[in-house]
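S.K.: Using the sequences and the hints given, assemble the complete structure.
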Amino acid sequence: MSELDDVASVASCEPAGDDDYLDYLVSESPVDDMTNVPKGHIDEIDGKLDSSRQCRHLEPSVRKVCSEGKDTGRHFYGCARKEKPCNYYAWIDPKWPNAVEEILETMTTRVRDYELEAKLAIAQVEAMIRDKEASTRPVSCKLQAAITVMVGAFFAMVSAAIVHVINRRASSNSDC
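All residue numbers for the sequence shown refer to full-length UniProt numbering, where the first residue is 1 and numbers rise by one.
Honestly, I wouldn't trust all of these hints.
[To be verified] Straight-line C-alpha distance at most 20 Å; calculated SDA-like pairs for lysine to any residue: (1) LYS95 / LYS132; (2) LYS48 / ASP93; (3) LYS84 / HIS57; (4) LYS48 / THR109; (5) LYS142 / ASP131; (6) LYS82 / THR109; (7) LYS84 / LYS119; (8) LYS48 / PRO85; (9) LYS48 / LYS95; (10) LYS84 / ILE122; (11) LYS95 / GLY47; (12) LYS84 / LEU58; (13) LYS82 / ILE42; (14) LYS48 / SER67; (15) LYS95 / ASP131; (16) LYS132 / ILE122; (17) LYS119 / ILE103; (18) LYS82 / LYS132.
[Said to hold, decoys possible] Estimated spans, in silico, between C-beta atoms of each pair: (19) ARG110 / CYS141: 44 to 50 Å; (20) GLY73 / GLU117: 24 to 30 Å; (21) GLU117 / ALA146: 52 to 58 Å; (22) ALA121 / LYS142: 29 to 35 Å; (23) ASN87 / VAL111: 23 to 29 Å; (24) PRO94 / SER52: 51 to 57 Å; (25) LEU120 / LEU58: 45 to 51 Å; (26) ILE162 / ASP131: 30 to 36 Å; (27) GLU83 / LEU116: 26 to 32 Å.
By construction, these hints were calculated from the structure, which means they are not laboratory data.
Computed from a prediction, not measured in an experiment: that's the story for all the values here.
We treat Cβ as the ideally placed atom computed from N, Cα and C, and that holds for glycine.
M.R.: Put into C-alpha coordinates, the structure is as follows:
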(Lines of atoms letter the chains of each structure in order from A and count residues from 1; the text may use other names and numbers.)
(Lines give C-alpha, C1' and ligand atoms only; values in the text may rest on other atoms or scores of the structure.)
Protein backbone atom coordinates (compact mmCIF):
# COMPACT_ATOMS: atom_id res chain seq x y z
CA MET A 1 0.00 0.00 0.00
CA SER A 2 1.43 3.39 -1.01
CA GLU A 3 1.51 6.54 1.11
CA LEU A 4 -1.29 7.98 -1.03
CA ASP A 5 -3.51 4.98 -0.30
CA ASP A 6 -2.85 5.51 3.41
CA VAL A 7 -3.96 9.14 3.08
CA ALA A 8 -7.23 8.18 1.43
CA SER A 9 -7.99 5.49 3.98
CA VAL A 10 -7.64 7.66 7.10
CA ALA A 11 -11.16 8.71 8.09
CA SER A 12 -10.98 10.55 11.36
CA CYS A 13 -9.17 13.33 13.14
CA GLU A 14 -8.47 11.41 16.31
CA PRO A 15 -5.01 11.89 17.83
CA ALA A 16 -2.40 9.25 16.99
CA GLY A 17 -0.55 9.92 20.23
CA ASP A 18 -0.72 12.25 23.23
CA ASP A 19 -0.25 15.55 21.39
CA ASP A 20 0.43 14.14 17.92
CA TYR A 21 -2.18 14.39 15.22
CA LEU A 22 -2.05 12.39 12.04
CA ASP A 23 -0.34 14.25 9.22
CA TYR A 24 -2.83 13.12 6.61
CA LEU A 25 -6.48 13.31 7.43
CA VAL A 26 -9.60 12.97 5.38
CA SER A 27 -12.40 15.37 6.23
CA GLU A 28 -15.69 14.14 7.57
CA SER A 29 -17.15 17.35 6.12
CA PRO A 30 -19.47 17.18 3.12
CA VAL A 31 -17.41 17.11 -0.03
CA ASP A 32 -17.47 19.40 -3.01
CA ASP A 33 -18.89 17.86 -6.21
CA MET A 34 -15.72 18.48 -8.19
CA THR A 35 -13.14 17.31 -5.67
CA ASN A 36 -12.90 15.68 -2.27
CA VAL A 37 -11.83 18.86 -0.48
CA PRO A 38 -13.77 20.40 2.43
CA LYS A 39 -17.05 21.98 1.35
CA GLY A 40 -17.44 25.74 1.31
CA HIS A 41 -15.26 28.70 0.45
CA ILE A 42 -11.54 27.95 0.54
CA ASP A 43 -8.71 30.49 0.47
CA GLU A 44 -5.02 29.98 -0.15
CA ILE A 45 -3.05 31.25 2.82
CA ASP A 46 0.18 32.45 1.28
CA GLY A 47 0.44 30.64 -2.06
CA LYS A 48 3.77 29.10 -1.08
CA LEU A 49 4.27 25.55 -2.25
CA ASP A 50 5.27 22.87 0.26
CA SER A 51 7.41 20.25 -1.45
CA SER A 52 7.32 18.01 1.64
CA ARG A 53 3.61 17.38 0.94
CA GLN A 54 2.74 16.15 -2.53
CA CYS A 55 -0.74 15.95 -3.97
CA ARG A 56 -1.97 13.08 -6.12
CA HIS A 57 -0.39 14.76 -9.15
CA LEU A 58 2.92 14.23 -7.32
CA GLU A 59 3.32 18.01 -7.19
CA PRO A 60 3.97 20.21 -4.14
CA SER A 61 0.84 21.13 -2.20
CA VAL A 62 -0.20 24.56 -0.94
CA ARG A 63 -1.56 25.67 2.44
CA LYS A 64 -5.24 26.60 2.41
CA VAL A 65 -7.91 27.54 4.93
CA CYS A 66 -11.64 26.85 5.04
CA SER A 67 -13.69 29.99 5.48
CA GLU A 68 -17.18 28.51 5.56
CA GLY A 69 -19.02 25.67 7.27
CA LYS A 70 -18.06 23.52 10.20
CA ASP A 71 -14.38 23.52 9.21
CA THR A 72 -14.15 27.34 9.19
CA GLY A 73 -10.68 28.45 10.22
CA ARG A 74 -9.07 25.04 9.81
CA HIS A 75 -5.87 24.93 7.75
CA PHE A 76 -4.99 22.11 5.39
CA TYR A 77 -2.65 21.19 2.56
CA GLY A 78 -4.34 20.89 -0.81
CA CYS A 79 -3.61 20.53 -4.49
CA ALA A 80 -2.06 23.71 -5.90
CA ARG A 81 -3.58 23.36 -9.37
CA LYS A 82 -6.23 25.93 -10.21
CA GLU A 83 -7.73 23.88 -13.04
CA LYS A 84 -8.64 20.25 -12.45
CA PRO A 85 -7.21 19.93 -8.92
CA CYS A 86 -6.97 16.45 -7.47
CA ASN A 87 -8.89 15.58 -4.32
CA TYR A 88 -5.81 15.52 -2.09
CA TYR A 89 -5.89 17.35 1.17
CA ALA A 90 -4.35 16.84 4.57
CA TRP A 91 -5.47 18.67 7.68
CA ILE A 92 -2.90 20.81 9.45
CA ASP A 93 -5.23 21.76 12.31
CA PRO A 94 -7.02 19.23 14.52
CA LYS A 95 -10.76 18.74 14.19
CA TRP A 96 -12.95 21.27 16.02
CA PRO A 97 -14.86 20.01 19.05
CA ASN A 98 -18.45 19.03 18.18
CA ALA A 99 -19.90 22.08 19.96
CA VAL A 100 -17.72 24.42 17.88
CA GLU A 101 -18.66 22.58 14.66
CA GLU A 102 -22.35 22.97 15.49
CA ILE A 103 -21.94 26.69 16.17
CA LEU A 104 -19.99 27.19 12.93
CA GLU A 105 -22.62 25.29 10.93
CA THR A 106 -25.42 27.30 12.57
CA MET A 107 -23.68 30.60 11.92
CA THR A 108 -22.88 29.67 8.31
CA THR A 109 -26.52 28.73 7.76
CA ARG A 110 -27.69 32.01 9.31
CA VAL A 111 -25.31 34.04 7.17
CA ARG A 112 -26.57 32.27 4.03
CA ASP A 113 -30.18 32.86 5.14
CA TYR A 114 -29.50 36.56 5.77
CA GLU A 115 -27.74 36.88 2.41
CA LEU A 116 -30.74 35.26 0.70
CA GLU A 117 -33.17 37.54 2.57
CA ALA A 118 -31.09 40.57 1.59
CA LYS A 119 -31.09 39.52 -2.08
CA LEU A 120 -34.86 39.00 -1.99
CA ALA A 121 -35.40 42.37 -0.28
CA ILE A 122 -33.21 44.11 -2.87
CA ALA A 123 -35.14 42.40 -5.67
CA GLN A 124 -38.45 43.52 -4.11
CA VAL A 125 -37.26 47.12 -3.75
CA GLU A 126 -35.99 47.13 -7.34
CA ALA A 127 -39.35 45.74 -8.52
CA MET A 128 -41.20 48.42 -6.53
CA ILE A 129 -39.01 51.11 -8.09
CA ARG A 130 -39.63 49.73 -11.59
CA ASP A 131 -43.39 49.56 -10.89
CA LYS A 132 -43.41 53.13 -9.57
CA GLU A 133 -41.46 54.39 -12.56
CA ALA A 134 -43.78 52.52 -14.92
CA SER A 135 -46.90 53.84 -13.21
CA THR A 136 -45.66 57.44 -13.10
CA ARG A 137 -44.68 57.56 -16.77
CA PRO A 138 -48.25 57.35 -18.09
CA VAL A 139 -49.41 59.86 -15.48
CA SER A 140 -46.55 62.14 -16.42
CA CYS A 141 -47.42 61.79 -20.10
CA LYS A 142 -51.10 62.41 -19.35
CA LEU A 143 -50.25 65.41 -17.20
CA GLN A 144 -47.94 66.78 -19.85
CA ALA A 145 -50.67 66.40 -22.48
CA ALA A 146 -53.24 68.06 -20.20
CA ILE A 147 -50.87 70.92 -19.44
CA THR A 148 -50.17 71.38 -23.15
CA VAL A 149 -53.92 71.51 -23.88
CA MET A 150 -54.49 73.95 -21.00
CA VAL A 151 -51.60 76.17 -22.05
CA GLY A 152 -52.87 76.12 -25.64
CA ALA A 153 -56.40 77.02 -24.46
CA PHE A 154 -54.99 79.77 -22.22
CA PHE A 155 -52.99 81.29 -25.08
CA ALA A 156 -56.02 81.03 -27.38
CA MET A 157 -58.15 82.78 -24.74
CA VAL A 158 -55.52 85.48 -24.16
CA SER A 159 -55.10 85.96 -27.91
CA ALA A 160 -58.87 86.24 -28.33
CA ALA A 161 -59.02 88.77 -25.48
CA ILE A 162 -56.21 90.83 -27.01
CA VAL A 163 -57.92 90.76 -30.41
CA HIS A 164 -61.19 91.79 -28.75
CA VAL A 165 -59.52 94.68 -26.92
CA ILE A 166 -57.77 95.81 -30.10
CA ASN A 167 -61.03 95.62 -32.05
CA ARG A 168 -62.88 97.64 -29.38
CA ARG A 169 -60.23 100.33 -29.39
CA ALA A 170 -60.25 100.41 -33.14
CA SER A 171 -64.03 100.75 -33.21
CA SER A 172 -64.01 103.43 -30.51
CA ASN A 173 -61.35 105.41 -32.42
CA SER A 174 -63.35 105.18 -35.62
CA ASP A 175 -66.41 106.68 -33.87
CA CYS A 176 -64.56 109.91 -33.34
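S.K.: With reference to the structure, classify each hint as holding or not holding.
M.R.: Checked hints:
1. LYS95 / LYS132: Not OK: LYS95 and LYS132 at ~53 Å, beyond 20 Å, violated.
2. LYS48 / ASP93: holds, 18 Å
3. LYS84 / HIS57: Roughly 10 Å between the alpha carbons, so the hint for LYS84 and HIS57 holds.
4. LYS48 / THR109: Distance ~32 Å between LYS48 and THR109 Cα, so the pair is violated.
5. LYS142 / ASP131: Roughly 17 Å between the alpha carbons, so the hint for LYS142 and ASP131 holds.
6. LYS82 / THR109: With a Cα-Cα distance of about 27 Å, the restraint between LYS82 and THR109 is violated, given a limit of 20 Å.
7. LYS84 / LYS119: The hint is violated at about 31 Å.
8. LYS48 / PRO85: Holds: LYS48 and PRO85 sit about 16 Å apart, inside 20 Å.
9. LYS48 / LYS95: Given pair LYS48, LYS95 is violated - Cα atoms ~23 Å apart, limit 20 Å.
10. LYS84 / ILE122: This hinted pair is violated, its Cα atoms lying about 36 Å apart.
11. LYS95 / GLY47: violated, 23 Å
12. LYS84 / LEU58: OK: LYS84 and LEU58 at ~14 Å, within 20 Å.
13. LYS82 / ILE42: holds, 12 Å
14. LYS48 / SER67: Holds: LYS48 and SER67 sit about 19 Å apart, inside 20 Å.
15. LYS95 / ASP131: violated, 51 Å
16. LYS132 / ILE122: holds, 15 Å
17. LYS119 / ILE103: violated, 24 Å
18. LYS82 / LYS132: violated, 46 Å
19. ARG110 / CYS141: 44 to 50 Å: Once the Cβ atoms are compared, 47 Å apart, the range 44 to 50 Å for CYS141 and ARG110 holds.
20. GLY73 / GLU117: 24 to 30 Å: holds, 25 Å
21. GLU117 / ALA146: 52 to 58 Å: Given about 43 Å between the Cβ atoms, the range is violated.
22. ALA121 / LYS142: 29 to 35 Å: This hint holds: roughly 32 Å between Cβ atoms.
23. ASN87 / VAL111: 23 to 29 Å: The hinted range 23 to 29 Å holds for ASN87 and VAL111, with Cβ atoms some 26 Å apart.
24. PRO94 / SER52: 51 to 57 Å: violated, 19 Å
25. LEU120 / LEU58: 45 to 51 Å: Since LEU120 and LEU58 have Cβ atoms about 47 Å apart, the given range 45 to 51 Å holds.
26. ILE162 / ASP131: 30 to 36 Å: For ILE162 and ASP131 the Cβ distance comes to about 46 Å; the hint is violated.
27. GLU83 / LEU116: 26 to 32 Å: holds, 30 Å
Going through the hint list in order, the structure does not satisfy hints 1, 4, 6, 7, 9, 10, 11, 15, 17, 18, 21, 24, 26.
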